[in-house]
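Letter by letter, the chains look like this.
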Amino acid sequence: MLTALIGREIRLALRHGADSVAAVLFFLVVSVLFPLAISPSPAVLARLAGGMVWVAALLASLLPLERLFGADYDDGSLDQLLLSGLSPVAVAAGKTAAHWLLTGLPLLVAAGPIAIMLRLDPERVAVLLEGLLPGTLTLSLIGAAGAALVLGARRGAMLLPLLVLPLATPVLIFGTAAVAADHPRAELLLLAALLAAALPLCPLAAGAGLRAAAGS
Amino acid sequence: MASHAVVFEPTPANSRGPGLHRFANPGRFLRLSEALLPWLAAAAILLGSAGLIWGAFFAPPDWQQGQAARIMYVHVPAAWLALSGYVALALCSAASLVWRHPLADLAAAEIGPVGAAFAAICLLSGSLWGRPMWGAWWVWDARLTSMLLLFFLYLGHIALVRAFDDPTRGYRAGAILALIGVVDLPIIHFSVVWWNTLHQGNSISLFAAPSIYISMLWPLILATLGYSAGFAAIVLARLRAAVLERRIASLLLAEAARAEHASFAAAPAPAR
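In the order they appear, the protein sequences are chains A and B. Mapped onto my numbering, the consecutive letters of the first sequence carry residue numbers 1 to 216. Mapped onto my numbering, the consecutive letters of the second sequence carry residue numbers 217 to 488.
Keep in mind that the hints were calculated from the coordinates and are not lab data. Where a beta carbon is used, it is the ideal one built from N, C-alpha and C, also for glycine. Just so you know, not all the hints are guaranteed correct.
[To be verified] Just some of the chain A residues that point at chain B, by a computed CB distance under 8 angstroms: (1) A145; (2) A153; (3) L159; (4) P166; (5) T169; (6) L201.
Same shape as in the complex, but just chain A:
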């Protein structure tokens, strides 16, 4: 049932290819803006590259959140999903997994080349990706909870960043600290700990949000 839900999400995304590529394209374009705005000097860029990739990834993963539940809420298929026998928590978890597969994973693939273009020290690229793997997962989890809460709100799309970004700051802090650190083990473990905490709690919150949205 859960795999069917994830499969449905992926099929939908593949048929509307442009929607799913939009987040990655946004990531690429924003990353190109940083050198234009700051400096093309390799020394400056190398210092800032980790932070720039992380900020761009954070913003890019916000982009598809509004449609994550929004499209299904508008056309009524969210009610169908909740009636399907899956618990709201499972629906939220499945949707979160789909969001990560369709946004987090492509970001992870794109982050390596982008980091090298931003002149990040090649040895640190691996650390960046190691941090982004649990990081994007946690962002998907927090983001899905936020997306479930703004369902049916006026200006939900504008509200979403205000809700999600403050909650996501620990991920950003540990992720960028890992790239900057000489021995990033502690930071990476803390990122994994954040993921371990978010993994049960966020779908719970998102499920409660979905139940509230469907109840009205």
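Use these hints to put chain B onto chain A, whose structure you have.
Just chain B, lined up with the frame of chain A:
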């Protein structure tokens, strides 16, 4: 609308619910808060001004920071209240999710703006304090930054609660958000401390003897008590206004329904 139905029933003064639910009855809340509010407001004004005047004129200047340290009497209680306000917000949210109580919903919605105002006072006074001490209006120090993030959490809650056409939906969403926020808040604080700190360490902690001279501690305690009473008084007044607003709205609805009913009854039967 379900949200209007509950405050509409006036309850007899002698009815007793089980345990704390007794205080969660809107009619009893209105009577109780009416009696409590003047005392709280008076305590806020007296204790707060006593603490602030003592701190501003009679407490000794700091040996290191001189007169500028007097901002502490404004800054520190605001920070404590902003933080405990968010905890109160989360407690109200938990109560509203568990017991679905409309008063807890309203309380959570009303604590939000007050807490945000205290966080803003803390940020502004911190910025004014930072100018002579650190030589800059804003320093990315750990506690200032986590207070800023707390301020954003408040703003998100305020905006979310008020973003729905159906107020009950707003309360539910806001309650869930507050619970996520209160779990995340220590993590945010820890991560920000990890990230950077050049703030002076805490002078007062629950677990150690205070490292602040007793003649500076007393005005701080007074100011904190005054701030707390003020926080409670403002929230209580806003809560009373919100309950009464609800009551008026449901009375108007009932009035309109009655008028409509009467006009239908008075109209002649339509000709066939």
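Structure-based check of all given hints:
no., hint, verdict
1, A145, "6 angstroms, holds"
2, A153, "4 angstroms, holds"
3, L159, "6 angstroms, holds"
4, P166, "4 angstroms, holds"
5, T169, "6 angstroms, holds"
6, L201, "7 angstroms, holds"
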